[in-house]
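Student: One-letter residues, chain by chain:
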Amino acid sequence: MGNMVSLKIDGKDVKVDEGLNLIEAAAAAGVHIPNLCYLKGMKGIGACRLCMVEVEGGKAPVIACNTKVKEGMSVATNTDKVKEIRKFVIDLILSMHPLDCMTCTKAGVCNLQQYAYDFEIKESNFTRKKFGYPTDEANPFIKRDPEYCVLCSRCVRVCKAQGTNVLEFSGRGVGAKVVTANDKPLQESSCTFCGSCVDACPVNALLEADRWRKGREWEYDKVNSVCLSCGNGCSISVSTKDGEVIKINSGVAEGAAEKYICAIGRYGFDSLVSEARLKMPMKRVNGELKETTWADAFATVANKLKAAGPEAAFITSANILNEDAILLKKLAADVVKTKNYDSSVTLYSDYDAMKTGTADLEKTDLFVLVGTAPDQWARVLPALDAVIRKRVNESGAKLLVINSGEPRISSAATQILKGDEVKMLEQLAQAVISKGVKAPKEMIEALAHIDPSDAAMAAADLFIAAKSPAILSSPSLYKAAANLSLIKEEAVSVPFEANAKGVVLMGLTSEGKKFKDILASKTKTLYAIGEIPLGKRPDTEFLVVQNSHLTDLAAQADVVLPSTPALESDGTIIDYLGRLKEVRKAVDPAGESHSHADIFMGLAEAMGVSLKKVKDTDVKKALKTKGKAAFSPFKKEKDLDIDGEQFTEDINRSAINGSRLLWLKETEKGAAV
Amino acid sequence: MSEMEKKEETPKKDMKDVFTAVENIKCVVQKSQKFVEEFLSEPMCGKCHPCALGSYEALVRLKRISAGIGNKADVDAVQRIADQMLEGSRCIKGKDTAKFLLAELKGESFAEHLAGKCSERECPNYIMYRVIPEKCVMCGLCKEACRYNAVLGEKRTSYRSGYLPFEIRQKRCVKCGDCLPACPYGAIEVVEEKTAVLV
Numbered sequence: 001m002g003n004m005v006s007l008k009i010d011g012k013d014v015k016v017d018e019g020l021n022l023i024e025a026a027a028a029a030g031v032h033i034p035n036l037c038y039l040k041g042m043k044g045i046g047a048c049r050l051c052m053v054e055v056e057g058g059k060a061p062v063i064a065c066n067t068k069v070k071e072g073m074s075v076a077t078n079t080d081k082v083k084e085i086r087k088f089v090i091d092l093i094l095s096m097h098p099l100d101c102m103t104c105t106k107a108g109v110c111n112l113q114q115y116a117y118d119f120e121i122k123e124s125n126f127t128r129k130k131f132g133y134p135t136d137e138a139n140p141f142i143k144r145d146p147e148y149c150v151l152c153s154r155c156v157r158v159c160k161a162q163g164t165n166v167l168e169f170s171g172r173g174v175g176a177k178v179v180t181a182n183d184k185p186l187q188e189s190s191c192t193f194c195g196s197c198v199d200a201c202p203v204n205a206l207l208e209a210d211r212w213r214k215g216r217e218w219e220y221d222k223v224n225s226v227c228l229s230c231g232n233g234c235s236i237s238v239s240t241k242d243g244e245v246i247k248i249n250s251g252v253a254e255g256a257a258e259k260y261i262c263a264i265g266r267y268g269f270d271s272l273v274s275e276a277r278l279k280m281p282m283k284r285v286n287g288e289l290k291e292t293t294w295a296d297a298f299a300t301v302a303n304k305l306k307a308a309g310p311e312a313a314f315i316t317s318a319n320i321l322n323e324d325a326i327l328l329k330k331l332a333a334d335v336v337k338t339k340n341y342d343s344s345v346t347l348y349s350d351y352d353a354m355k356t357g358t359a360d361l362e363k364t365d366l367f368v369l370v371g372t373a374p375d376q377w378a379r380v381l382p383a384l385d386a387v388i389r390k391r392v393n394e395s396g397a398k399l400l401v402i403n404s405g406e407p408r409i410s411s412a413a414t415q416i417l418k419g420d421e422v423k424m425l426e427q428l429a430q431a432v433i434s435k436g437v438k439a440p441k442e443m444i445e446a447l448a449h450i451d452p453s454d455a456a457m458a459a460a461d462l463f464i465a466a467k468s469p470a471i472l473s474s475p476s477l478y479k480a481a482a483n484l485s486l487i488k489e490e491a492v493s494v495p496f497e498a499n500a501k502g503v504v505l506m507g508l509t510s511e512g513k514k515f516k517d518i519l520a521s522k523t524k525t526l527y528a529i530g531e532i533p534l535g536k537r538p539d540t541e542f543l544v545v546q547n548s549h550l551t552d553l554a555a556q557a558d559v560v561l562p563s564t565p566a567l568e569s570d571g572t573i574i575d576y577l578g579r580l581k582e583v584r585k586a587v588d589p590a591g592e593s594h595s596h597a598d599i600f601m602g603l604a605e606a607m608g609v610s611l612k613k614v615k616d617t618d619v620k621k622a623l624k625t626k627g628k629a630a631f632s633p634f635k636k637e638k639d640l641d642i643d644g645e646q647f648t649e650d651i652n653r654s655a656i657n658g659s660r661l662l663w664l665k666e667t668e669k670g671a672a673v
Numbered sequence: 001m002s003e004m005e006k007k008e009e010t011p012k013k014d015m016k017d018v019f020t021a022v023e024n025i026k027c028v029v030q031k032s033q034k035f036v037e038e039f040l041s042e043p044m045c046g047k048c049h050p051c052a053l054g055s056y057e058a059l060v061r062l063k064r065i066s067a068g069i070g071n072k073a074d075v076d077a078v079q080r081i082a083d084q085m086l087e088g089s090r091c092i093k094g095k096d097t098a099k100f101l102l103a104e105l106k107g108e109s110f111a112e113h114l115a116g117k118c119s120e121r122e123c124p125n126y127i128m129y130r131v132i133p134e135k136c137v138m139c140g141l142c143k144e145a146c147r148y149n150a151v152l153g154e155k156r157t158s159y160r161s162g163y164l165p166f167e168i169r170q171k172r173c174v175k176c177g178d179c180l181p182a183c184p185y186g187a188i189e190v191v192e193e194k195t196a197v198l199v
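Residue numbers (the working numbering), protein chains in the order written: chain A, 1 to 673; chain B, 1 to 199.
By construction, these hints were calculated from the structure, which means they are not laboratory data. Note that the coordinates shown come from a computational prediction; the quantities given were computed from them, not determined experimentally. You may find that some hints are simply not true.
Claimed, not checked - Below 25 Å or equal to it, Euclidean Cα-Cα: the simulated DMTMM-like pairs (lysine to aspartate or glutamate) are: (1) A:K122 <-> A:E217; (2) B:K12 <-> A:E168; (3) A:K467 <-> A:E362; (4) A:K122 <-> B:E42; (5) A:K177 <-> B:E37; (6) B:K93 <-> A:E84; (7) A:K129 <-> B:E38; (8) A:K129 <-> B:E189; (9) B:K47 <-> A:D183; (10) A:K87 <-> B:E134; (11) A:K177 <-> A:D221; (12) A:K68 <-> B:E37; (13) A:K81 <-> B:D83; (14) A:K87 <-> B:E144; (15) A:K130 <-> B:E38; (16) B:K63 <-> A:E123; (17) B:K93 <-> A:D145; (18) B:K72 <-> A:E123; (19) B:K47 <-> A:E84; (20) B:K47 <-> A:E394; (21) A:K129 <-> B:D76; (22) A:K83 <-> B:E87; (23) B:K47 <-> A:D598; (24) B:K99 <-> A:D80; (25) B:K47 <-> A:D145; (26) B:K95 <-> A:E56; (27) A:K59 <-> B:D96; (28) B:K95 <-> A:E54; (29) A:K130 <-> B:E42; (30) A:K122 <-> B:E134; (31) A:K279 <-> A:D650; (32) A:K279 <-> A:D296; (33) A:K337 <-> A:E168; (34) A:K177 <-> B:D76.
What the hints assert, rightly or not - Chain B stretches covered by chain A per the calculated footprint, using a threshold of three residues with CB under 8 Å from any CB of chain A: (35) 53–65; (36) 105–114; (37) 118–125.
Backbone N, C-alpha and C fix where the C-beta goes; we use that ideal spot for every residue, glycine too.
Build out the structure end to end from the sequences listed, making use of the hints.
Tutor: Rendered as structure tokens:
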């Protein structure tokens with residue numbers, strides 16, 4: 001790419017990137033070419049024929065979705081001929097559409113409605129057709145109503161591209177219907193309820209299940225934010241109405257492979273108003289947790305922290321924001337003056353593995369997965385799984401899986417190196433070196449005794465051929481995987497929590513005891529922040545829990561401070577690819593809950609020190625600390641292996657138990673039995 | 001070889017088979033309807049909208065015309081579908097169907113049908129079967145040939161008088177045409193329904 005092509009669209013001179021199709025080129029010129037089946041980022045299939053345009057010198061109209069720009073070409077997008085075809089197709093579709101735009105939830109964003117308006121088709125000139133297909137609404141997430149379907153197959157293709165592969169057409173032509181295997185309801189298929197199909201549907205055939213009479217698109221306020229449910233930290237777009245979250249969609253631009261969010265990110269927002277939500281500070285009085293005022297709660301906690309001093313300890317989830325992390329460090333180190341503050345990051349990573357490189361997944365042509373096992377179905381880094389599969393299926397990227405087990409992502413792999421990851425990495429590196437690729441001296445020496453297998457040699461060919469490979473490793477294998485990056489590109493370790501990298505980069509790295517040691521030893525005052533994978537009260541004299549929901553741990557605390565979840569907070573995170581992302585408040589805090597940052601400042605105030613609000617520049621300064629890649633022995637940090645699925649579930653427990661995700665969890669468990 | 005396997009092995013219908021299927025039909029409306037029916041039954045792949053949705057609609061309209069309840073709007077719709085399918089269809093199969101329809105639409109036949117006339121006398125709803133009393137010898141062969149008990153009448157026997165004459169009950173007649181070759185005397189004729197009623 002990079003080469004520009006000049007062409008004329010409706011008489012306008014346009015310069016666009018080579019390789020674009022005419023729909024994209026026209027869009028760049030501000031001209032919309034109608035379409036129903038085109039999906040940005042995927043191959044045009046030319047089913048709807050709405051995008052037909054006339055190219056000067058061409059015999060017949062062509063489909064814009066599947067025609068690439070050519071130097072000097074002149075395109076007319078709105079000739080009488082193509083207008084007639086467009087009208088004809090919309091006319092036909094309307095003859096089998098319910099035509100209840102007045103009460104339709106998709107009104108305003110429905111492509112069919114828009115085109116009927118544009119082409120002035122009040123009602124269909126063709127025979128009314130109705131097939132009486134039943135609606136699938138047996139799940140609380142996705143409603144499928146085939147009566148509205150315009151047979152564009154976007155949902156089918158989206159589902160296939162990301163490898164979920166649940167939807168398929170049954171029949172062809174007018175009576176065709178999008179079905180799951182054996183036409184079962186969604187929950188009896190292998191659907192993960194990610195809702196990608198809902199985002200793709202141009203009409204009302206696929207919709208969030210709970211949208212009836214919850215307002216329509218033009219009534220919503222939209223806020224771009226980030227989902228903090230797992231290590232992917234996906235961008236989301238939150239739609240709210242009257243201070244309530246109505247729906248959440250992926251916040252990534254149309255056409256990007258990263259446009260995916262999972263069921264937790266999309267549907268977990270009911271937990272904002274679940275029964276377990278904490279709205280007031282609580283204090284244990286006579287053995288029972290009772291609501292109290294902030295002033296009283298602050299005073300109590302301040303006293304305990306002061307009394308404990310260096311014997312106080314802070315543990316936090318890495319789902320807190322950068323601003324929270326900076327203030328927490330100040331509170332712990334400067335105000336309370338303890339060295340024991342740590343995040344759950346150290347359960348699965350060392351600090352260095354969080355100061356890692358980056359990758360542009362949209363351009364990656366070879367994914368090297370070292371140990372890390374993203375999995376849409378188990379919802380472990382599901383977005384990463386989906387991105388990789390989309391790139392492999394749609395753009396011909398390759399996937400090399402290096403894993404001792406058999407992760408699900410292997411099904412999309414071009415090559416698998418199964419076996420001890422360190423050994424496999426050594427073989428791969430040696431294979432690459434043996435093919436004459438430059439590498440650091442220490443590495444060549446360290447690998448001299450290795451005799452690579454045939455599979456490693458084949459994998460090496462992939463690695464050498466790749467223009468921009470992305471090396472993604474689990475944190476425990478980061479150092480070994482990073483050796484590969486000394487040959488080519490950067491290595492990225494993929495943590496299990498959304499802001500793991502941010503928390504570490506902001507300096508919330510213990511100078512005393514680490515997370516596990518804090519839990520293992522007796523503390524005077526233990527202050528736990530966020531949803532921590534811990535159900536039992538550790539050995540401590542005084543336990544403070546600061547979280548949005550009353551978790552099992554919070555129920556055993558002496559003081560509970562209500563904090564706001566991500567959807568009610570402002571701040572930033574640093575995602576697994578090292579990108580700074582903005583978390584923005586979509587709805588007001590419930591009850592008297594406050595952001596972590598505000599609580600830390602309030603506490604410091606109660607202890608007689610005033611902490612300043614964190615500025616953008618503070619975060620950006622902290623961002624600059626980056627680890628330098630240098631050769632280190634091929635080794636695995638063995639005690640950093642955790643069960644990703646269990647961990648992800650643990651840190652999302654309140655969200656899952658407090659929302660319709662509980663139904664999903666139980667249904668999936670039932671299906672597994 | 002099991003039944004199932006045999007079925008899978010039967011070669012699929014292609015456009016050639018569609019053309020063959022309508023070869024011997026003379027009435028343009030019948031021919032067009034059969035053509036689209038055959039096209040939809042197999043070669044139509046459903047990969048693009050003009051053809052998948054258009055040919056289905058064309059069949060609906062053609063059926064109306066051949067049933068004698070069509071009007072000008074139906075013929076216009078078929079014309080529009082054929083025009084747009086020719087321009088918009090993705091592959092040659094849709095375009096061939098469009099071309100076929102366009103060719104058939106050219107003559108007077110469709111207008112004739114709208115006026116209630118099927119000059120080829122192939123549209124069941126435009127015709128009726130009638131016994132010509134002058135030619136009938138009351139042999140009863142047509143009654144035996146009729147599978148729908150639509151022929152009424154008594155066979156002539158020499159010792160009786162006052163026979164019930166042979167006639168075809170229009171309500172029962174499905175216009176299968178089985179009685180025509182059964183009559184050795186050419187006493188059964190096909191007439192256009194509208195003309196017959198007038199007579």
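Student: Let me make sure I understand: some of the numbered hints might not hold for this structure. Which ones are they, in numerical order?
Tutor: 4, 8, 10, 11, 12, 14, 17, 23, 30, 33, 34, 36, 37
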